Amino acid sequence: MYLKNVWYVACTPDEIDGKPLGRKICGESIVFYRSGDGTVAALEDFCPHRGAPLSLGFVRDGTLVCGYHGLEMGCEGKTTGMPGQRVGGFPQIRRYPAVERYGFIWVWPGDAAQAEPNEIHRLPWAEDPAWAHGGGLYHIKCDYRLMIDNLMDLTHETYVHANSIGQKEIDDAPPKTVNKGDQVVTSRFMENITAPPFWKMALRGNGLADDVPVDRWQICTFTPPSHVMIEVGVAHAGHGGYIAPADRKASSIVVDFITPETETSIWYFWGMARNFRPEDEELTAKIQEGQGKIFAEDLEMLERQQRNLDAWPDRNLLKLNIDAGGVLSRKVIDRLLAAERTSSVGQPIIPIARASEAS
Amino acid sequence: MYLKNVWYVACTPDEIDGKPLGRKICGESIVFYRSGDGTVAALEDFCPHRGAPLSLGFVRDGTLVCGYHGLEMGCEGKTTGMPGQRVGGFPQIRRYPAVERYGFIWVWPGDAAQAEPNEIHRLPWAEDPAWAHGGGLYHIKCDYRLMIDNLMDLTHETYVHANSIGQKEIDDAPPKTVNKGDQVVTSRFMENITAPPFWKMALRGNGLADDVPVDRWQICTFTPPSHVMIEVGVAHAGHGGYIAPADRKASSIVVDFITPETETSIWYFWGMARNFRPEDEELTAKIQEGQGKIFAEDLEMLERQQRNLDAWPDRNLLKLNIDAGGVLSRKVIDRLLAAERTSSVGQPIIPIARASEAS
Amino acid sequence: MYLKNVWYVACTPDEIDGKPLGRKICGESIVFYRSGDGTVAALEDFCPHRGAPLSLGFVRDGTLVCGYHGLEMGCEGKTTGMPGQRVGGFPQIRRYPAVERYGFIWVWPGDAAQAEPNEIHRLPWAEDPAWAHGGGLYHIKCDYRLMIDNLMDLTHETYVHANSIGQKEIDDAPPKTVNKGDQVVTSRFMENITAPPFWKMALRGNGLADDVPVDRWQICTFTPPSHVMIEVGVAHAGHGGYIAPADRKASSIVVDFITPETETSIWYFWGMARNFRPEDEELTAKIQEGQGKIFAEDLEMLERQQRNLDAWPDRNLLKLNIDAGGVLSRKVIDRLLAAERTSSVGQPIIPIARASEAS
Numbered sequence: 003m004y005l006k007n008v009w010y011v012a013c014t015p016d017e018i019d020g021k022p023l024g025r026k027i028c029g030e031s032i033v034f035y036r037s038g039d040g041t042v043a044a045l046e047d048f049c050p051h052r053g054a055p056l057s058l059g060f061v062r063d064g065t066l067v068c069g070y071h072g073l074e075m076g077c078e079g080k081t082t083g084m085p086g087q088r089v090g091g092f093p094q095i096r097r098y099p100a101v102e103r104y105g106f107i108w109v110w111p112g113d114a115a116q117a118e119p120n121e122i123h124r125l126p127w128a129e130d131p132a133w134a135h136g137g138g139l140y141h142i143k144c145d146y147r148l149m150i151d152n153l154m155d156l157t158h159e160t161y162v163h164a165n166s167i168g169q170k171e172i173d174d175a176p177p178k179t180v181n182k183g184d185q186v187v188t189s190r191f192m193e194n195i196t197a198p199p200f201w202k203m204a205l206r207g208n209g210l211a212d213d214v215p216v217d218r219w220q221i222c223t224f225t226p227p228s229h230v231m232i233e234v235g236v237a238h239a240g241h242g243g244y245i246a247p248a249d250r251k252a253s254s255i256v257v258d259f260i261t262p263e264t265e266t267s268i269w270y271f272w273g274m275a276r277n278f279r280p281e282d283e284e285l286t287a288k289i290q291e292g293q294g295k296i297f298a299e300d301l302e303m304l305e306r307q308q309r310n311l312d313a314w315p316d317r318n319l320l321k322l323n324i325d326a327g328g329v330l331s332r333k334v335i336d337r338l339l340a341a342e343r344t345s346s347v348g349q350p351i352i353p354i355a356r357a358s359e360a361s
Numbered sequence: 003m004y005l006k007n008v009w010y011v012a013c014t015p016d017e018i019d020g021k022p023l024g025r026k027i028c029g030e031s032i033v034f035y036r037s038g039d040g041t042v043a044a045l046e047d048f049c050p051h052r053g054a055p056l057s058l059g060f061v062r063d064g065t066l067v068c069g070y071h072g073l074e075m076g077c078e079g080k081t082t083g084m085p086g087q088r089v090g091g092f093p094q095i096r097r098y099p100a101v102e103r104y105g106f107i108w109v110w111p112g113d114a115a116q117a118e119p120n121e122i123h124r125l126p127w128a129e130d131p132a133w134a135h136g137g138g139l140y141h142i143k144c145d146y147r148l149m150i151d152n153l154m155d156l157t158h159e160t161y162v163h164a165n166s167i168g169q170k171e172i173d174d175a176p177p178k179t180v181n182k183g184d185q186v187v188t189s190r191f192m193e194n195i196t197a198p199p200f201w202k203m204a205l206r207g208n209g210l211a212d213d214v215p216v217d218r219w220q221i222c223t224f225t226p227p228s229h230v231m232i233e234v235g236v237a238h239a240g241h242g243g244y245i246a247p248a249d250r251k252a253s254s255i256v257v258d259f260i261t262p263e264t265e266t267s268i269w270y271f272w273g274m275a276r277n278f279r280p281e282d283e284e285l286t287a288k289i290q291e292g293q294g295k296i297f298a299e300d301l302e303m304l305e306r307q308q309r310n311l312d313a314w315p316d317r318n319l320l321k322l323n324i325d326a327g328g329v330l331s332r333k334v335i336d337r338l339l340a341a342e343r344t345s346s347v348g349q350p351i352i353p354i355a356r357a358s359e360a361s
Numbered sequence: 003m004y005l006k007n008v009w010y011v012a013c014t015p016d017e018i019d020g021k022p023l024g025r026k027i028c029g030e031s032i033v034f035y036r037s038g039d040g041t042v043a044a045l046e047d048f049c050p051h052r053g054a055p056l057s058l059g060f061v062r063d064g065t066l067v068c069g070y071h072g073l074e075m076g077c078e079g080k081t082t083g084m085p086g087q088r089v090g091g092f093p094q095i096r097r098y099p100a101v102e103r104y105g106f107i108w109v110w111p112g113d114a115a116q117a118e119p120n121e122i123h124r125l126p127w128a129e130d131p132a133w134a135h136g137g138g139l140y141h142i143k144c145d146y147r148l149m150i151d152n153l154m155d156l157t158h159e160t161y162v163h164a165n166s167i168g169q170k171e172i173d174d175a176p177p178k179t180v181n182k183g184d185q186v187v188t189s190r191f192m193e194n195i196t197a198p199p200f201w202k203m204a205l206r207g208n209g210l211a212d213d214v215p216v217d218r219w220q221i222c223t224f225t226p227p228s229h230v231m232i233e234v235g236v237a238h239a240g241h242g243g244y245i246a247p248a249d250r251k252a253s254s255i256v257v258d259f260i261t262p263e264t265e266t267s268i269w270y271f272w273g274m275a276r277n278f279r280p281e282d283e284e285l286t287a288k289i290q291e292g293q294g295k296i297f298a299e300d301l302e303m304l305e306r307q308q309r310n311l312d313a314w315p316d317r318n319l320l321k322l323n324i325d326a327g328g329v330l331s332r333k334v335i336d337r338l339l340a341a342e343r344t345s346s347v348g349q350p351i352i353p354i355a356r357a358s359e360a361s
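Protein sequences, first through last, are from chains D, F and G. Numbered by my numbering, the letters in the first sequence go through residues 3 to 361 in order. Numbered by my numbering, the letters in the second sequence go through residues 3 to 361 in order. Numbered by my numbering, the letters in the third sequence go through residues 3 to 361 in order.
Everything labelled a hint here was simulated from the structure, so no lab data went into it. The structure presented is a predicted model; accordingly, all values stated were derived computationally and were not measured. Hints may be right or wrong, so weigh each one.
If several chains are the same, the list does not tell them apart, and a pair holds so long as it fits within one copy or across any two.
[To be verified] Once the Cα atoms are required to be at most 30 Å apart in a straight line, the calculated BS3-like pairs of lysine-lysine come out as: (1) K21 - K143; (2) K143 - K26; (3) K178 - K321; (4) K295 - K21; (5) K178 - K80; (6) K295 - K170; (7) K295 - K143; (8) K170 - K21; (9) K182 - K6; (10) K321 - K21.
Working from the sequences, and respecting the hints, build out all of it.
Written out as structure tokens, the structure is:
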């Protein structure tokens with residue numbers, strides 16, 4: 003159960019660099035590529051001729067060409083040519099609204115008529131040269147909501163990430179969770195503690211001492227359909243913590259886009275945006291490597307949790323105060339899902355390929 | 003949906019050299035081996051004692067011996083011995099008609115009473131010392147008819163095999179497709195073109211210049227159940243093309259036997275028979291290597307096409323003029339399938355193993 | 003169809019050395035670990051908080067800690083703590099009776115109220131310093147009864163283990179099979195034969211000539227639910243065989259515990275106990291290596307047999323005199339299964355986790 007009339011991150015620009023990319027998103031098999039004017043096109047990954055995946059083809063002068071028999075597909079899903087054929091009567095394939103913005107390719111897997119690029123999640127830092135961003139992509143076999151739960155309850159850091167960002171003081175600082183419209187915010191503040199290894203590294207990276215007490219914060223914001231941005235950081239203790247001046251802290255935003263592939267698998271785009279030493283590419287790479295290792299620790303836990311839930315489908319789970327972030331996020335999703343079901347009555351029919359006879 | 007009362011290629015002689023081979027064909031699990039008189043036997047791959055696969059056993063003096071408890075199976079499916087046992091009352095297992103001919107082992111997976119070795123597809127070149135043959139076997143997860151489509155529409159060469167046998171002129175030369183009884187023939191002729199890399203190699207192999215214009219032909223013949231023989235070649239331009247004298251051309255027959263394993267998987271026996279320099283084993287190996295690489299390029303396309311068709315089961319495909327070969331071949335298959343269903347009424351019951359009590 | 007109100011071997015002590023072990027037994031996902039007082043605990047592998055497998059966690063001072071959010075689970079299935087939480091109302095998870103005895107961890111996957119440690123299969127040699135034991139564990143995808151059949155009919159040694167313990171004389175010596183209460187015993191005696199390679203090695207290991215005629219015996223005893231102990235050995239011919247004095251023979255007990263994982267997969271604990279040179283660890287290792295190789299030869303046969311039986315579900319198998327051991331063992335199992343079904347009426351309900359609301 004995932005929302006479809008929303009924008010998801012589909013891929014990063016490098017993934018469609020010079021070649022098409024096939025990726026299933028919300029159960030839809032989609033081919034992404036860069037069309038003639040440089041904009042991104044997203045189409046059903048199904049050649050209307052013989053059903054080959056168009057993503058096995060290639061892009062020639064901005065036109066997607068099927069790799070089986072050379073059918074040329076236009077970026078609106080209408081065949082524009084094929085050697086030796088008149089293609090006017092060829093059935094159309096489905097087009098998906100797609101937009102490149104903030105260093106990501108976004109796709110709208112639902113009703114194209116409702117797609118509104120202005121609704122794409124805003125990432126002001128992505129357009130600000132004072133910030134740098136590094137990240138990666140993991141494929142994980144779990145319901146996307148298990149990842150939302152994971153990110154909206156960071157007490158798991160103490161256990162899953164014990165050697166990098168976890169520390170006992172997280173357990174001792176109860177989070178506060180609130181709704182802000184369709185967003186959910188859960189925050190935790192820790193004062194006068196020792197920074198864990200990852201944050202010592204970030205302090206050093208920012209030219210700050212790493213052996214003094216710090217104040218630490220975690221502010222997780224869920225935005226539908228499944229984006230979780232986490233403001234995290236440490237400041238030398240006693241300078242205001244979250245609001246300490248820039249030269250007293252190392253802070254960043256953990257960037258998480260969770261895109262459902264199927265009901266029980268996801269494309270997990272993780273990353274970190276920081277506003278210190280943005281030009282230092284070595285530091286970007288170092289943070290990316292560290293974060294990649296940390297987030298890989300969640301994979302087995304989430305996949306095994308999914309398998310346990312599959313095996314015990316009737317068992318209810320506990321909803322503790324630490325789970326409030328995930329619980330409230332799911333309530334937002336449920337409300338929007340109900341609204342989407344209501345509004346989908348009267349949705350236009352998707353064109354389906356029809357047969358023509360052999361000549 | 004495949005024909006069962008027909009002959010298929012099951013394996014090559016080297017695959018049963020000194021040991022039994024287990025292979026599923028048309029849904030039937032069969033063990034092949036060479037019996038005492040050197041002829042090939044094919045039996046249900048199921049020991050009537052405890053159900054072990056007989057193909058895990060061995061052949062001793064031409065008798066198949068089960069590798070679990072030593073049951074000796076006769077080539078008619080009747081147990082001939084077992085240490086310490088009287089085997090007279092043991093249930094029979096099914097025998098499949100099998101014939102070795104033309105360098106292949108052929109099997110009849112349907113009603114044995116109807117099997118007629120004279121109906122095995124004729125390969126005159128296989129018995130002619132002026133010809134040489136090399137080939138291989140691929141296992142591909144697709145409906146056997148997708149491979150027939152593939153071979154009966156060679157426009158795909160331009161795209162799938164762009165670096166070896168593909169060339170733009172194929173697209174420009176529309177094929178002509180006709181029925182000849184149960185056979186379907188689709189042919190294409192190109193004149194005064196440049197030979198693509200594979201054919202340049204073949205010209206050189208035949209001692210001919212490879213840098214002059216050539217005439218090229220492709221004549222694909224489908225024969226039920228799923229054999230496709232393709233006469234292919236190039237001749238120095240202006241000498242008659244297909245009917246040019248032998249010292250002006252390099253020609254050969256692409257040999258394709260497509261044997262269904264299940265509804266969505268095949269054993270694909272590919273090869274090439276040529277009538278120039280038949281004694282040159284190095285050339286045979288070189289052609290085999292080149293062809294093996296070319297045909298491997300089809301694997302991913304066919305398997306991904308199958309998965310797309312599985313995902314969109316209700317979608318109809320286009321049937322263009324270039325698809326006529328496959329379309330007409332499927333019509334022949336459909337007609338024969340209907341005939342097979344009608345004739346199967348009153349077919350003899352296959353003997354099934356029965357239990358005897360413990361003594 | 004397996005018995006559940008019985009003791010099975012679950013694992014060996016080294017498998018829970020310092021960390022929890024997750025293992026599915028009779029369809030139950032169970033976590034095993036060593037609790038504070040050194041005894042073994044076995045619990046449902048499902049954290050009542052969010053469904054994570056507890057086996058991905060760790061043991062701290064004898065307490066099982068969930069690796070996701072730090073829930074502390076008591077060895078009775080009652081949560082004993084969780085950072086920042088009152089756990090009194092947390093739902094209980096299922097506890098399985100578990101006992102460490104004879105160098106194995108035993109588990110009772112059925113109704114805990116009926117578990118009686120006195121019913122654990124007795125292994126007198128395991129507590130006798132005159133004996134040594136070595137063994138291993140294989141995971142095999144077959145019904146546990148196929149392995150019982152295998153071990154209760156050693157004629158397969160001649161074929162499956164032709165190069166180690168197999169010899170033609172096994173086929174020539176018909177076994178004798180009898181019931182002894184719920185046990186089944188099948189025995190075979192061979193006189194004045196040549197020892198096969200494995201037994202030559204054992205004779206040498208016991209300081210005896212390996213090039214003289216021997217008497218050989220195999221006495222297989224099935225005990226429910228699925229234990230098979232096999233007394234095996236060779237004695238220099240003419241000294242009494244099975245009852246020959248210790249300095250004239252090499253004998254041992256093949257130890258087989260077959261624990262169902264699912265209906266069609268097993269944990270197979272194999273080993274050998276011997277009462278000669280028990281202090282010789284090099285000999286133990288040599289025997290273990292040899293036996294491990296021999297028993298690995300059964301794996302493919304059993305898995306392929308299982309697949310054949312799955313493919314031909316309606317086919318009956320033969321029950322010959324050599325199969326009597328397996329046939330009678332299955333009759334015992336069937337009788338006990340019927341009794342278990344009858345007695346399970348009125349069994350206590352297993353506690354199931356219930357939801358509490360988010361706070």
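Results of checking the hints against the structure:
1. K21 - K143: Both ways: K21 and K143 sit 26 Å apart in one copy and 25 Å across, limit 30 Å.
2. K143 - K26: both (13 Å within a copy, 21 Å between copies)
3. K178 - K321: within (14 Å within a copy, 62 Å between copies)
4. K295 - K21: both (29 Å within a copy, 22 Å between copies)
5. K178 - K80: between (51 Å within a copy, 28 Å between copies)
6. K295 - K170: within (20 Å within a copy, 48 Å between copies)
7. K295 - K143: Classified as within; 18 Å inside a copy, 34 Å across copies.
8. K170 - K21: This pair counts as between: shortest inter-copy Cα distance 21 Å, intra-copy 47 Å.
9. K182 - K6: within (22 Å within a copy, 52 Å between copies)
10. K321 - K21: between (45 Å within a copy, 28 Å between copies)
Checked against the numbered hints above, the structure breaks none of them.
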